[in-house]
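If you're matching them up, the sequences are chains C, P and U in order. Residue numbers for the first sequence follow our numbering, beginning at 1 and rising by one. Residue numbers for the second sequence follow our numbering, beginning at 1 and rising by one. Residue numbers for the third sequence follow our numbering, beginning at 1 and rising by one.
No lab work stands behind these hints: they were computed from the structure. Every value quoted in this text rests on a predicted model; they were computed, and no experiment measured them. Yeah, the Cβ is synthetic: ideal placement off N, Cα and C, and Gly gets one too. Fair warning: there could be bad hints in the mix.
[To be verified] Within a straight-line C-alpha distance of at most 30 angstroms, the following computed BS3-like cross-link-like pairs (lysine-lysine) qualify: (1) P:128 x C:267; (2) P:5 x U:169; (3) P:44 x C:267; (4) P:128 x C:312; (5) P:5 x U:52.
[Unchecked claim] Take a look, some chain U residues computed to stay more than 12 angstroms from chain P by CB distance: (6) 70; (7) 113; (8) 117.
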Amino acid sequence: MKSLLIQNGRVLDPANKVDEVRDLIIADGKIVAGPAAKDAEVLNAAGKVVVPGLIDVHVHLREPGRSDKENIETGTRCAARGGFTSVVAMPNTSPAADNTGTIAYVKQRAAEVASVNVFPAGAITKELKGEELAPIGSLKRAGVVAITDDGHCVQNNELMRRAVEYARMFNLPIMDHCQSYQLAGDGVMNEGYWSAVLGLRGWPATAEDIIVSRNILLAELADWHIHCQHLSSARSVELVRDAKKRGLKISAEACPHHFTLTDESCKTYDTNFKMNPPLRTEADRQAVIEGLADGTIDCIASDHAPHCNYEKEVEFDLAPFGIIGLETELALSLALVHQKVLSLEQVITKLTINPAQLLRLDKGTLRIGADADVTIIDPSLEWTYDVTQSASKSRNSPFHGWELKGRATTTIVGGKVAWQL
Amino acid sequence: MKKPKFTWQRKDLLGIQDLSAEEINHVLDTAAAFKQVGERNIKKVPSLRGKTLVNLFIEPSTRTRTSFELAATRLSADVVNIATSASSLVKGETLKDTALNLQALRADIIVIRHSAAGAAHFLSRFLKASIVNAGDGAHEHPTQALLDAFTIREKKGKIAGLKVTILGDILYSRVARSNIWLLTKLGAEVTLAGPSTLVPRVFERLGCRVVHDVEEAIREADVINLLRIQHERQRQTMFPSIGEYAAIFGLNKERFARTKPDAMIMHPGPINRGVEIDSDIADCGRSVILEQVTNGLAVRMAVLYLCSGGNPA
Amino acid sequence: MNVNLIMDASAIERALARMAHEIVERNPQTDTLAFVGIRTNGAPLARRLAGKVGAILSRELPTGELDITMHRDDLDLRDTPPAVGPSAIDFDVTGRTVVLVDDVLFTGRSIRAAMDELSDFGRAACLQLAVLVDRGHRELPIRADYVGKNVPTARQERVTVSLVEDAGKDEVVIEK
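This is chain C alone, in the form it adopts within the complex (with noise of 0.2 angstroms):
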């Protein structure tokens, strides 16, 4: 394998504390000292910044089961796109990651077509429905990095319970998508000014606090780390602040769509603003990003949820939960910089070791001797998203033709370019 200089870039990686321009060296698929090869090939990074390989945990590859809305491919390839080296794929498959088999095909998968590291997270309850274990022991064995049921929530508080004491034997983080089922009813959006006036059931976003404030308590009962996802309500940034401040193990992430969009976006009736946990008010948008700033919230993820065309191009009440969000996702966490309400320091953070940390994987890193991810971002870079010309088999995004500023512009895996703008 080919060495690579990557030169003159400002190497930004929170993990080590480094923050300077210099020269980065890749050989054998690892971060080495220079001085580089003589052949290695030069990447120039002149006016750029090179961090660690950016990491989302919170992907839907939608394989095995739904490949005409995605698959491990295609949606790996966004990863790239987007500037990320490693994704956590979501186990709400057909069948679902509640067994070994699922997740022994999506790691040999992604062994065969995947642009990207992918790490199957695997399911808290057989089939999701939150009834019974899944088999956490097996799919620790298996080679899972965390459990969730995102897509459903245990709503069982005993089960609960058990799962995070059960998943702590295994060292396995636990995620949790924080939703109160009765509260949420048949809501297709948040409940508030806006859904009285477009006649749109809409659900409070209490339903997301009671599940949040339900998941810090049993993680100081169990004594073990709950994640809670995608945290879209004021309320609940509020909990899991206490929460840290009493020394619980508790994390969060917040998703671009939460600190960018609100539920007045619905007013057109356009299902690519139809997601769960939904938009909900300015005033919660504004206490998602002070969470961010203020640490509340230690990762960014997209959720990246892909839908066919036709699923989405039908009734509001009709259209499934979600949108496509890994070609934008840097972008929108890097307009918080340009807006100074972050610095660029701490989105990479969010984007690279936090992550890893969760995940308790050796990435997020620069450090001699890391797996040579990288990602080299152009956070001036101007450009339009155009979602048909994305990687993804679906188009259901809310940015199409938004004007964005900063963009990855290659991506290293292992050592290996990835993709190149």
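Dock chains P and U against the given chain C, drawing on the hints supplied.
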């Protein structure tokens, strides 16, 4: 200086929310002309001759569909009725495909009623035909609000400054929403009343007063618009029973006796006698429920004429 | 732009008076006579004619008005739908001699629309047409029975009738 003459510019009627007061008044004035057509020997004018109107009713409704059908027929349009249910659409053809098929048949106007909010907006995004919203989920029912306004204007001479109370299930009511937009745009004082679970405070942000005491709501009202109450699956957690609703919120004889002597009673129909309203009151002189039906025909003729008239290049 | 006065208030009066006598002369069966004016100016003109004929016969004659917008033949060709107003004919048209009244007879299309619309109200025994000004350029085979003044015009000229009832003065002008 002469004011430039107002002309109607829209090809769709999706809701009242986007209409200006001037547009609303234009529809009402036009409806007055069409009401006269219903009083002639030959109740037909050739204005929409040769045009094809499709009643696409994904949610069943005999009265509204009949009203639109008759309106179109009196304008000399050709009418096609499609009645299906949302579940059969989902199992078979999508709404989008159904609509594109109608476009291929060169339908000029599509009147859509659907149980999903936003269905009319959805169609208007990709169809060239005029789209008239006959009720989309809990969102809007613009022709109902227009015929309600026509009735109020005809009987009371004006809308601005009137105290109008809308009583019942506001949260799930498209009739309520359309009426709220229209009445507030035209300067009426709107009071919403009903159980707190069905009339949440958020509606105050639309310029209405929200009360949960029916007597207070109707005491000073010039117009009382009663909404139909249902206790099906989706609303079971919202209030205990029809019986309790009727006892606490129904317009019974005692409550009716305490309304203003000239207070007008309205209802979009079909009425639940003995629930929202005592049977006798529904038939009394102050109830204009049947006139609403007559006016509905005139208003729908006006809407069809305006939305399909002209040929904007 | 050139504006020429072709009829002043007294000329209009004299024309209407003469037309009233012509109507009486032509229609011995005066008990079935009625007048229907075509909006907008035809309506006050119909009332004036009915008043004059009524004075001659010492009777009140039924008068109505038609808004012909719904019956226009050019609805499809316009950008926006023209404003409609209500028609008002509160007597039975069937069996009557109805004199349609309009201010200016030009292409004849308004009269065609009025005849169609009137037939929706009933079956008149006989229809006659009275116009204040006939300016030529017919596009349909329609002619007036009673004419206040024949005014040859060029197609692009405009003939405007103002009446006291709406405009505060009586006059007919041509704009070249």
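Which of the stated hints cannot be reconciled with the structure, identified by number in ascending sequence? 3, 5, 6, 7 and 8
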